[in-house]
Amino acid sequence: MKRALKSDKLKIVDLLAHSFNENQSGNYIVQQDHQRKNRVRALMAYSLRYV
Numbered sequence: 001m002k003r004a005l006k007s008d009k010l011k012i013v014d015l016l017a018h019s020f021n022e023n024q025s026g027n028y029i030v031q032q033d034h035q036r037k038n039r040v041r042a043l044m045a046y047s048l049r050y051v
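Quick note, the sequence shown lines up with residues 1 to 51 if you use our numbering.
Check the hints yourself; a few may be wrong.
To be verified - No farther apart than 27 Å at their CA atoms in a straight line, the calculated lysine-lysine pairs in the BS3-like style are these: (1) 6 x 37; (2) 37 x 11; (3) 9 x 37.
Treat the hints as calculated values from the structure; they're not laboratory data.
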């Protein structure tokens, strides 16, 4: 395993957002509207910030 760099952040956020797109817990937290995908990405970016 290697450490992620700041330049990897967008790739990681995309991967996590795609992975959690259908997650029931994530969808419970994120408002279900036309911006849901953006909200999931923002949640993943926030989560990644504190890892």
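Evaluation of the provided hints:
1. Between the alpha carbons of residue 6 and residue 37 the distance comes to roughly 22 Å, so the proposed pair stays at or under 27 Å and holds.
2. For the given pair, residue 37 sits about 15 Å from residue 11 by alpha-carbon distance, which is consistent with the 27 Å threshold.
3. At most 27 Å may separate the alpha-carbon atoms for a hinted pair to count; residue 9 and residue 37 meet this at roughly 17 Å.
In the structure shown, no violation is registered for any of the earlier numbered hints.
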